[in-house]
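**Q** Here's the letter readout for the chains.
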Amino acid sequence: MDIDQIYRAESRRVLATLIRQVGDFDVAEEAMHEAFVAAVEQWPAQGVPDNPRAWLVSTGRFKAIDVLRRRSKHDVSIEDVEGLAESIADPSATEEREGVEDDRLRLVFTCCHPALAAEAQVALTLREVCGLTTEEIARAFVVPAPTVAQRIVRAKSKIRDARIPYEVPGRGELADRLDSVLRVIYLVFNEGYLASSGESLTRRDLCAEAIRLARLLVELLPEPDVLGLLALMLLHDSRRAARTSPGGELVLLTEQDRSLWDRAQIADAVRLVEAALATRAFGPYTIQAAIAAVHAEAPTAEATDWAEIVALYDVLLGFGANPVVELNRAVAVAMRDGAEKGLAAIDAILARGELAEYHLAHAARGDMHRRLGHASQAADAYRKALELTRQAPERRFLERRLAEL
Amino acid sequence: MRYLCLIYLDEKQMGAMPEGEVNALNARHLELNEQLLRGGQFVEAEALQPAADTSCVRVRNGKVTLTDGPYMETKEMVAGFYLIEARDLNEAISVAAKLPSAPLGTVEVRPCRDLTVDGVARRASSKPR
Chain D
1 MDIDQIYRAE SRRVLATLIR QVGDFDVAEE AMHEAFVAAV EQWPAQGVPD NPRAWLVSTG
61 RFKAIDVLRR RSKHDVSIED VEGLAESIAD PSATEEREGV EDDRLRLVFT CCHPALAAEA
121 QVALTLREVC GLTTEEIARA FVVPAPTVAQ RIVRAKSKIR DARIPYEVPG RGELADRLDS
181 VLRVIYLVFN EGYLASSGES LTRRDLCAEA IRLARLLVEL LPEPDVLGLL ALMLLHDSRR
241 AARTSPGGEL VLLTEQDRSL WDRAQIADAV RLVEAALATR AFGPYTIQAA IAAVHAEAPT
301 AEATDWAEIV ALYDVLLGFG ANPVVELNRA VAVAMRDGAE KGLAAIDAIL ARGELAEYHL
361 AHAARGDMHR RLGHASQAAD AYRKALELTR QAPERRFLER RLAEL
Chain A
406 MRYLCLIYLD EKQMGAMPEG EVNALNARHL ELNEQLLRGG QFVEAEALQP AADTSCVRVR
466 NGKVTLTDGP YMETKEMVAG FYLIEARDLN EAISVAAKLP SAPLGTVEVR PCRDLTVDGV
526 ARRASSKPR
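Residue numbers (the numbering used here), protein chains in the order written: chain D, 1 to 405; chain A, 406 to 534.
Among these hints, one or two may not hold up.
[Said to hold, decoys possible] Only pairs whose alpha carbons sit at most 30 Å apart, straight line, appear in this in silico DSSO-like list of lysine-lysine: (1) D:73 <-> D:158; (2) D:158 <-> A:417; (3) A:503 <-> A:417; (4) A:480 <-> D:341; (5) D:158 <-> A:532; (6) A:480 <-> A:417; (7) A:468 <-> A:503; (8) A:503 <-> A:480; (9) D:341 <-> D:384.
[What the hints assert, rightly or not] The following label-pair restraints were derived from C-beta to C-beta distances: (10) A:415 <-> D:324: 28 to 34 Å; (11) A:525 <-> D:179: 55 to 61 Å; (12) D:353 <-> A:440: 42 to 48 Å; (13) A:521 <-> D:58: 43 to 49 Å.
Hint data in this document are derived by calculation from the structure and do not stem from the laboratory. C-beta: ideal position from N, C-alpha, C; glycine also.
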């Protein structure tokens with residue numbers, strides 16, 4: 001077995017456990033890396049230990065003591081290094097109390113703690129839970145690397161100074177805290193899927209990381225909406241190949257070549273949606289997944305069960321008013337009852353002013369006018385949408401629509 | 406670990422509150438204080454006079470200058486504080502969420518720090534524990 005492979009498989013688990021035992025993100029990270037360095041030096045000669053993870057954790061623990069001793073020489077805030085060293089060296093007491101398997105879950109909940117800024121939660125989760133480098137995160141979110149580094153440093157300082165505990169929240173807080181985790185995962189996915197700016201339409205790596213995170217969460221904490229979120233992302237992702245033309249142009253759902261959809265992935269997702277729905281304790285992600293599943297299972301756009309989709313949007317709105325959801329419902333209404341009804345619904349939403357700056361609202365409005373043969377109103381709406389989007393493929397799509405009028 | 410919970414309230418809104426409600430709110434605060442004291446989480450708490458009664462003191466080049474009014478004029482002003490003892494931020498947040506004023510405004514939770522002098526970290530308070 002080669003060490004690179006072990007690093008990929010084990011480094012996050014080892015880190016998650018070391019953070020609990022050492023009580024500090026930075027010390028744990030340094031110790032984890034030193035443990036792997038020791039493995040590279042020792043394993044080729046001595047052979048890979050029976051339980052590499054246990055070896056890495058215990059070696060990491062002693063490396064952490066070294067790190068703390070070194071740091072205490074010029075950091076007065078580290079008091080009683082020897083006492084600390086003793087408690088780190090013998091973790092048996094805490095080990096019995098707390099399951100090691102929960103460490104990864106502790107890490108997820110700590111990185112997504114609502115006391116941290118939203119963008120810091122995302123950066124910290126990608127860094128610590130997924131093991132992405134600061135540069136990779138910066139590239140994915142199109143922000144300068146020092147900005148990402150600073151967000152991570154600040155978040156770690158807050159975890160330490162405000163004493164954000166390394167724990168899985170209790171039953172009472174679990175639902176709220178899980179929302180925060182799911183939001184972070186979906187944000188990562190959407191950044192990969194919708195790419196708020198830049199040339200390429202999807203940034204596949206981020207989607208893959210988000211799906212991997214959700215799978216981990218399903219394994220550790222199979223709450224209904226965790227299944228729902230995983231299903232939702234799998235369904236979106238199953239259409240990836242059909243979403244862009246060979247030339248990199250955006251293809252709308254109704255116009256996609258459905259033979260390009262990943263049927264095996266859709267089947268996986270549908271099973272997850274059904275399991276989540278069966279609990280009757282599902283949340284908004286499950287409903288969104290159910291909507292995506294209706295699309296995924298329809299042979300053509302016309303043959304889609306639009307009445308079912310409108311009904312599901314109504315259920316979704318029951319979880320809380322949301323103008324973007326209303327917009328999507330209006331588009332489904334147009335498919336069910338005709339473009340005139342859809343246009344009226346979109347105009348009613350825009351009249352409230354909430355989506356006035358949302359490019360997709362104007363693009364949808366343009367589509368309704370186009371379908372009704374109102375060329376000049378359609379052109380006005382498409383132009384308004386163009387003013388509001390910076391994303392290159394979406395701009396080209398709108399320009400094409402304009403030219404076709 | 407100690408946390409300072411600063412209670413921010415809209416003074417105008419509070420001024421318009423019927424006397425009976427103010428009375429009930431204050432009684433709930435005193436009741437909670439007893440509860441926190443029994444649970445070992447209470448260090449200190451005070452309710453503050455209106456922001457208009459504030460004076461700001463500055464010393465520059467040895468000279469004291471005074472200005473009338475709060476340091477920052479905002480809609481919601483500090484109306485009171487709790488100094489609490491909590492295991493970690495989650496416990497501090499759960500205490501902050503219990504404050505009877507929390508539904509009326511915002512509670513800012515600030516972790517306290519030690520003062521380091523000559524390499525020794527010392528609690529800022531001189532009060533014996």
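**Q** For each hint, tell me whether it holds in the structure or not.
**A** Status of each hint after checking the structure:
Between residue 73 of chain D and residue 158 of chain D the CA atoms are separated by roughly 23 Å; this keeps the pair inside 30 Å, and the hint holds. Restraint check for residue 158 of chain D and residue 417 of chain A: the C-alpha separation of about 34 Å exceeds 30 Å, so the hint is violated. Between residue 503 of chain A and residue 417 of chain A the alpha-carbon distance is near 23 Å, which keeps this suggested pair within the 30 Å criterion. At most 30 Å may separate the alpha-carbon atoms for a hinted pair to count; residue 480 of chain A and residue 341 of chain D exceed this at roughly 44 Å.
At most 30 Å may separate the alpha-carbon atoms for a hinted pair to count; residue 158 of chain D and residue 532 of chain A meet this at roughly 27 Å. The straight-line distance between the Cα atoms of residue 480 of chain A and residue 417 of chain A is roughly 9 Å, inside the 30 Å bound, and the hint therefore holds. Of the pairs offered as hints, the one joining residue 468 of chain A and residue 503 of chain A is violated, with about 43 Å between alpha carbons and a cut-off of 30 Å exceeded. For a cut-off of 30 Å, the pair hint linking residue 503 of chain A to residue 480 of chain A stands: about 23 Å separates their Cα positions.
For the proposed pair residue 341 of chain D and residue 384 of chain D, the alpha carbon gap of about 21 Å is at most 30 Å, so the pair holds. For residue 415 of chain A and residue 324 of chain D, the Cβ-Cβ distance of about 31 Å falls inside the hinted range of 28 to 34 Å, so the restraint holds. For residue 525 of chain A paired with residue 179 of chain D, a C-beta distance near 43 Å fails the hint of 55 to 61 Å. Here the CB-CB span from residue 353 of chain D to residue 440 of chain A is close to 46 Å, well matched to the stated 42 to 48 Å.
Between residue 521 of chain A and residue 58 of chain D the Cβ separation comes to about 34 Å, which falls outside the hinted range of 43 to 49 Å.
Violated hints, listed in ascending order, are 2, 4, 7, 11 and 13; each of the other numbered hints is respected by the structure.
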